[in-house]
Amino acid sequence: MKARHLLGFILLSFVLLPAGAASALEAIKIGAYLPMTGAVAAYGEMEWTGIQIAREMEPEVLGRKIDIVLVDTKSDKIEAANAVTLLIEKEKAAVILGEAISGNTMAGNPISEAAKIPSVSPSATNPLVNQGKQFAFRACFIDPFQGEIAARFARNELKAQTAAVIIDIAQDYCVGLGNFFVKEFVKLGGKVVSTTYIQTGDQDFSAQLSAVQAAKPDVIYAPNYYTEDALMAKQARDLGIKVPILTGDGAQADTLLQVGGSAVEEMYFTGHFHKEAAGSQRAKEYIRRFEEKYKKDADAFGALGADAYFLLVDAIRRAGSTDGVAVRDALAATKNFEGVSGLISMGENGNPIKSMVINKVQNGKFVYVTTVNP
Amino acid sequence: MTSTIFLQQLINGVSLGSLYALVAIGYTMVYGILRLINFAHGDLLMVAAYTAIYGIAVFTLPWYVSFPLAVLFTGLTGILLDRAAYKPLRSAPRISLLISAIGASFLLENLALVVIGGVPKAFPRPEPFDRVVDLFGLRIQVLTIYTPIVTLVLLLALLYIVHRTKVGKAMRAASRDFETTRLMGINVDRIISVTFLLGSVLAAAGGIMWAMKYPQVNPFMGVFPGLKAFIAAVLGGIGNIMGAVIGGFLLGLGEILIVAAVPELAQFRDAFAFVLLVLVLLFRPTGIMGEPFTDKT
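Read top to bottom, the protein sequences are chains P and F.
When the letters of the first sequence are read in order and numbered with the working numbering, they come out as residues 1 to 374.
When the letters of the second sequence are read in order and numbered with the working numbering, they come out as residues 1 to 297.
Take these hints with a grain of salt, some might be off.
To be verified - Label pairs and their in silico Cβ distance ranges:
| hint | chain 1 | residue 1 | chain 2 | residue 2 | range |
| --- | --- | --- | --- | --- | --- |
| 1 | P | Glu265 | F | Tyr146 | 21 to 31 Å |
| 2 | F | Leu111 | P | Lys159 | 50 to 60 Å |
| 3 | P | Gly364 | F | Gly117 | 18 to 28 Å |
| 4 | P | Lys284 | F | Asp270 | 45 to 55 Å |
| 5 | P | Gly364 | F | Asp134 | 17 to 27 Å |
| 6 | P | Lys295 | F | Arg83 | 40 to 50 Å |
| 7 | F | Val115 | P | Asp323 | 36 to 46 Å |
| 8 | P | Lys295 | F | Val153 | 44 to 54 Å |
| 9 | P | Lys92 | F | Leu98 | 53 to 63 Å |
| 10 | F | Leu69 | P | Lys159 | 48 to 58 Å |
| 11 | P | Gln362 | F | Asp130 | 30 to 40 Å |
What the hints assert, rightly or not - Reference listing, derived: stretches of chain F covered by chain P, where coverage requires no fewer than 3 residues with Cβ under 8 Å from a Cβ of chain P:
| hint | segment |
| --- | --- |
| 12 | 3-11 |
| 13 | 114-120 |
| 14 | 134-148 |
| 15 | 265-274 |
Just so you know, the hints here were simulated from the structure itself, not pulled from any lab data.
Since we're looking at a predicted model, the values are computed, not measured.
Every residue gets a Cβ at the ideal spot worked out from N, C-alpha and C, and that includes glycine.
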C-alpha cells in the first residue's frame, strides 16, 4: 500500500512539474535598506509593513518567487551607503528598494548607480536625490511641488501674511523644503519674518521658539521630521504660541500624535496618502489587508513602501528579466500605474508625477482635507 | 529684543541649565570618588525614563508610585553595572575602566534597542507637571520651577550624606586614598556600591525630569544629555558637586542666550558647548570650582 502511494505521489509530481517548476527557479532578490532604528525609525517600520503586505499581494513575478532582504541603516548616512554595498555585492540583489529619507538615499544612490542596479525610494522627496542619475527612481512626489503647495495653502487657505520658518539644518529634506516654501510664499506676496535652525536630535527648541514668538508670524512652517515636529509643537504651545503650524510629509507618523498629544492638534501638512483619498482597486485591496493584519488605519509611508515594491515588480514583469538596464528602461516608461498612493507616471529624472493630499491632525487622528493635482 | 523676550529666554536657559546640573551632579560624584568618568551615566537616564513609562503605561501605576520605582530600579542597575563592568577592573589601569564604561554605555543602549525597539515612545507627562503659569506675559512651565527645586533638594541631600554621615566620610576617605582606606578596615567595595547607587539615583531623577520636559524616549536619549552634563561637570570642576551645579546652569544659559542673541547661530549651539569644553581644558583644566589636580595613584 505504502509503496503504491509513494509511486502515485511521484507520478503526480511529474504531472504537476510544469506548474511547480516556476518556484524551483531561483528567487528574485529585492534588496531593501531602511531606517529600522534611530531618529527616523518610524518611517522604516511603516514602510516595511507596507512592503510585506505588497509582497503578500504579489509574491511572484516572471514565474519566480520574490525574496526581500532587509538591512537596517540606523537612520544614518554612512550606514545607508554600506547597506547598499552589502546588498549588491554580498546579497546579489537584482534591484534596490530604499531609503526612506532624502539624506540617506543620497548616500545610497551613487552606489547602486555605479553598479547599474535600478533603485526605487519610497519616500525620499528632495530633488537632488535622483539628479543626474540613470538608475534611481522614487515612488513619491518631490519637494518643489510640496513646498509650493504648502506656501499656496498658507497664503490662500490660512490667509497668512507673514511666516516663520524653522528648519532642521542637518537634513537635506528640511533645508530643501524650507527653501521651496519661502520662494513661493514670497512670490505670492507673503513675508518671511523669521528663519531659525534646529538640528536632528535636538530636544530643546525654546530659544528658537521665543525668537519666533517675538517676530509674531501668522503661520509657522516647520518642514521637519516627526520627532522634532512633535517636540517643537509641544514647546511652542507651552510658550503660548497659538498660530497654525504647517509642515511636510515627514509629519505623518503615529509617533507625532503620541508625543505631540494636544499640541499637534490643527497641525497641517502636505502628504502622500490618506486612505479616504485612495481610489484604485489595488489601494482598496491593500487597505483591506493592512487593516485586517495590523488592526489600524493604513498609513502614508506603508503605502509608499508598497508602491515602491509594486513599481519594481511591475518593471521587472514588463522588462521580462532582471537585467539592470532592461528594468531601468521599464521603470522609466511607467505610465498611469495604479499605485496604492495614487496614479503614478514616471517623469524626468525618475521623479513621478502624482497628486498630493493635504491632511491635518484632528482629535488625535490624521484627517484628510483635500487633494491637489500636479 | 524686548525685555519680555529676554526674560523669557533667561527662563528657558535656567530651565535647561537646571536639567544639565541635575545630571552633572551624578557624573561628578562618581568621578570624585572613583576618578572614573562613568560614560554609562547618560544611559541610566534612559533606563529610568523607560522604567517610568512602563510603570505608568503597562502597569497603570500612578506617577507617584511609578517614578520612585523607576528611581529604585535605576539605582539597582547602577550597582549591577559596577559589579559587572567596573569591580573586576578595580586594580587595572584607569584607562581600562574608562573603556569598560564606554562598553557599558553601548551595551545599555543596544540592549534597549533590541528589547524595546528604536521607535521613540511618548513619555506621559503627569497632570501636575503639565501646567503652564502665565506671569506678566511670561510663559513658565511648572516643570521649569520644579526642576531647580528637585536639583536643589537632591544637592542638599547629597551634600548631607557626603559630609555628615559615616558612609559619606568613608566615601571621602576612599576618594583620597583607596589603599589606606581599606587598611583602616573600611569595606571599600561597599562604599563604591553606595556611590554608584547614589549616582544612579541622581541619574534617574535627571532622566525622569528630562523625559517630562522633552517627552520622547528612545534608546539613545541619554547620549546627548550625558555629554552635555559631562561638559557642565568639567566646566564646574569635575569632582566638585557645587561646581557641577554652577557648570550646568552656565552651560544651559549660554546655549540658550547664544541662540537668543543671534538666531542664525542656532546650528552652532552644540559646537558652542564643545568649544567651551576645549577652552576650559586648555586654560583652566580644573574648572571653576576645581581644586588643583592631585594625582592619587
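Hint check results:
1. Glu265/P with Tyr146/F: 21 to 31 Å: 26 Å, holds
2. Leu111/F with Lys159/P: 50 to 60 Å: 51 Å, holds
3. Gly364/P with Gly117/F: 18 to 28 Å: Given about 22 Å between the Cβ atoms, the range holds.
4. Lys284/P with Asp270/F: 45 to 55 Å: For Asp270/F against Lys284/P, whose Cβ atoms are near 47 Å apart, the range 45 to 55 Å holds.
5. Gly364/P with Asp134/F: 17 to 27 Å: Given range 17 to 27 Å: holds, Cβ gap about 26 Å.
6. Lys295/P with Arg83/F: 40 to 50 Å: With a Cβ separation near 43 Å, Lys295/P and Arg83/F satisfy 40 to 50 Å, so the hint holds.
7. Val115/F with Asp323/P: 36 to 46 Å: 43 Å, holds
8. Lys295/P with Val153/F: 44 to 54 Å: Given about 45 Å between the Cβ atoms, the range holds.
9. Lys92/P with Leu98/F: 53 to 63 Å: At 43 Å between Cβs, range violated.
10. Leu69/F with Lys159/P: 48 to 58 Å: 50 Å, holds
11. Gln362/P with Asp130/F: 30 to 40 Å: 21 Å, violated
12. 3-11: Result for this restraint: holds, n = 3.
13. 114-120: This one holds; 4 residues, not fewer than the three required, reach chain P with a Cβ under 8 Å.
14. 134-148: holds (count 3)
15. 265-274: It holds, with 4 qualifying residues against the three required.
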